[in-house]
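Colleague: Starting from the structure of chain A, add chain B where the hints point.
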Amino acid sequence: MGLGERAVSRNPDDVLVAYGLGSCLGISMVDPVTRVAALLHAVLPGAANGAPHNDSNTNKYVDSGIENLLDAVLKEGANKNRLIVRVIGGANMIIAPGMTNSFDIGTRNMDAARRTFQRLNLKITAEEVGGHTGRTVHVYVAESRVTVRVIGEKERDI
Amino acid sequence: MNDVPFDQKLLQMLNTIANEGISNAARGFSGMVGRKIEVTNPSLKLVPLLTIPEIVGSPEDDAVGIYLRFEGDMIGQIMMIMPYDKAMELVDLLMGLPQGATQHVGSMERSALGELGNLCGTFFLNSLAKLTSADLRPTPPAVMVDMVGAILDIIVATAGGISEQVLLMQANFMDGPRSVEANFWVIPDMNALQNLLKKNA
Chain A
-13 MGLGERAVSR
-3 NPDDVLVAYG
7 LGSCLGISMV
17 DPVTRVAALL
27 HAVLPGAANG
37 APHNDSNTNK
47 YVDSGIENLL
57 DAVLKEGANK
67 NRLIVRVIGG
77 ANMIIAPGMT
87 NSFDIGTRNM
97 DAARRTFQRL
107 NLKITAEEVG
117 GHTGRTVHVY
127 VAESRVTVRV
137 IGEKERDI
Chain B
9 MNDVPFDQKL
19 LQMLNTIANE
29 GISNAARGFS
39 GMVGRKIEVT
49 NPSLKLVPLL
59 TIPEIVGSPE
69 DDAVGIYLRF
79 EGDMIGQIMM
89 IMPYDKAMEL
99 VDLLMGLPQG
109 ATQHVGSMER
119 SALGELGNLC
129 GTFFLNSLAK
139 LTSADLRPTP
149 PAVMVDMVGA
159 ILDIIVATAG
169 GISEQVLLMQ
179 ANFMDGPRSV
189 EANFWVIPDM
199 NALQNLLKKN
209 A
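Sequence lines, in order, name chains A and B.
Going letter by letter, the first sequence gives residues -13 to 144 in my numbering.
Going letter by letter, the second sequence gives residues 9 to 209 in my numbering.
Isolated chain A, as found in the complex:
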């Protein structure tokens, strides 16, 4: 899945993948009973500094992307009370002198995700966020399983 893309599936053969998330967020929702699984690859926290979304791709933003994702899984038969929400990514990729934190989109993405889930009354079950490394997320629809991999390491469950 590319930047600003979203996928929802209940096909057990499907594996949803977002490769190499840096400051971007991979947000997964699964309902282990109906086996509905979904993944969003969000890029930016939301409407920048109060400016309106001037862009048709609302999945690019954490706030509107999460709302879209929730709508989509509910439509596919997921139950909101059973949803397992995982948030992955949001790294600060730049570590260098002279680079200020105002460029830390990763942290701002995470803050936006936490705020949005709170507003939607959804609990984040697991997080693997922050730090300075990129991550790849796999969502195995059949097992409602989610894994994370970082460079030079093996895939592991979260």
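Simulated from the structure, these hints should not be mistaken for lab results.
Beta carbons are placed, not taken as given, at the ideal position from N, Cα and C, and that holds for glycine.
Please note that a few of the clues may not be correct.
Computed spacing ranges between beta-carbons, pair by pair [claimed, not checked]:
1. A:H118 with B:S119: 16 to 24 Å
2. A:K140 with B:T59: 25 to 33 Å
3. B:E79 with A:G117: 23 to 31 Å
4. B:S38 with A:D57: 53 to 61 Å
5. A:R131 with B:Q16: 48 to 56 Å
6. A:R105 with B:K53: 39 to 47 Å
7. B:T59 with A:R131: 25 to 33 Å
8. B:E62 with A:N(-3): 23 to 31 Å
9. A:D0 with B:S66: 18 to 26 Å
10. B:N49 with A:T93: 38 to 46 Å
11. B:Q16 with A:K140: 43 to 51 Å
Sample of chain A residues at the chain B side, in silico, Cβ under 10 Å [to be verified]:
12. G(-12)
13. L7
14. C10
15. V29
16. I91
17. G92
18. H118
19. T119
20. T122
Which chain B residues stay away from chain A? Per the calculated CB distances, all over 12 Å, these [unchecked claim]:
21. N32
22. D100
23. Q111
24. M116
25. D143
Modeller: Coordinates of chain B only, in the frame set by chain A:
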């Protein structure tokens, strides 16, 4: 705000800057390594921001990124990114080692690559500054080793709200028969572009 006026005239002008900047950078390199390093086939084009990961390879591939920003009368960012094995070839080439000598990117290699990014970046900026009489200051380069997608997130995230298209500069670094291709992305901000347009109207 998304319709940056990337017209032909502006592109042509940036091409001139890029060409001049890159050949200056080549001279800088040769001075640094004490051998004649040539930079050939510089080219500049506009690419959609969201297609960048595909140009470099799969977004999960290991890569090295060299990143710097510039401030002053204009602000913007420059990213140089290459596959991990290409980065090692480039280190060999820069340090006068036989091809294949470098087997990993450690702190020594990072610093060589940072210097390379620094040179390319500052020479490009010097050309830009000269042409526009702007005062430009580059930040020190940050070198990162990670997945392609994660490195590119830096420019996607910072440019994503501003511009849907970015400038891609490509060039080959050559030492005799050996050649390594490098890609740079230059992401000027809106004001930078408008200044350029105004000055050259």
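Colleague: Run every hint past the structure and note whether it holds.
Modeller: Hints, verified against the model:
At roughly 18 Å, the beta carbons of H118 of chain A and S119 of chain B sit within the given window of 16 to 24 Å. For K140 of chain A and T59 of chain B, the Cβ-Cβ distance of about 30 Å falls inside the hinted range of 25 to 33 Å, so the restraint holds. Judged by the Cβ atoms, the range 23 to 31 Å given for E79 of chain B and G117 of chain A holds: they are separated by roughly 27 Å. Under the hint 53 to 61 Å, the C-beta atoms of S38 of chain B and D57 of chain A, about 59 Å apart, fit the expected range.
Roughly 51 Å separates the CB atoms of R131 of chain A and Q16 of chain B, a value that falls within the hinted 48 to 56 Å. With their beta carbons about 42 Å apart, R105 of chain A and K53 of chain B fall inside the hinted range of 39 to 47 Å. Distance hint check: the CB atoms of T59 of chain B and R131 of chain A are about 31 Å apart, consistent with the given range 25 to 33 Å. About 25 Å separates the C-beta atoms of E62 of chain B and N(-3) of chain A, a value consistent with the hinted range of 23 to 31 Å.
Between D0 of chain A and S66 of chain B the Cβ separation comes to about 19 Å, which falls inside the hinted range of 18 to 26 Å. Here the CB-CB span from N49 of chain B to T93 of chain A is close to 40 Å, well matched to the stated 38 to 46 Å. The given range of 43 to 51 Å is respected by Q16 of chain B and K140 of chain A, whose C-beta atoms sit roughly 49 Å from each other. The criterion of a C-beta within 10 Å of any C-beta in chain B is met by G(-12) of chain A, whose closest approach is roughly 7 Å, and the hint holds.
Hint status for L7 of chain A: holds, given a least beta-carbon distance of 6 Å to chain B, under 10 Å. Proximity of C10 of chain A to chain B holds as hinted, the smallest CB-CB distance being about 5 Å (cut-off 10 Å). Annotation: interface hint on V29 of chain A holds; nearest CB of chain B at approximately 5 Å, less than 10 Å. Taking 10 Å as the C-beta cut-off, the interface hint given for I91 of chain A holds, the closest approach to chain B being about 4 Å.
Interface hint at G92 of chain A: satisfied, since its Cβ lies 8 Å from the closest Cβ of chain B, which is below the 10 Å cut-off. Look at H118 of chain A: its Cβ gets to within about 8 Å of chain B, closer than 10 Å, so that hint holds up. For the restraint placing T119 of chain A at the interface with chain B, the shortest Cβ-Cβ distance is roughly 6 Å, inside the 10 Å limit, so the hint holds. Here the hint on T122 of chain A is kept, as its CB sits about 5 Å from the closest CB of chain B, short of 10 Å.
The beta carbon of N32 of chain B is kept farther than 12 Å from every beta carbon of chain A, the shortest such distance being approximately 23 Å. Annotated as non-interface, D100 of chain B keeps its C-beta farther than 12 Å from every C-beta of chain A; the closest such distance is 22 Å. At the 12 Å boundary, the C-beta of Q111 of chain B stays outside the reach of chain A, the nearest C-beta of that chain being 14 Å off. Chain A leaves M116 of chain B outside its interface by the beta-carbon criterion, the shortest separation being 17 Å against a cut-off of 12 Å.
At roughly 17 Å, the least C-beta separation between D143 of chain B and chain A is larger than 12 Å, which holds for a residue marked as non-interface.
Hint violations for this structure: none, all hints satisfied.
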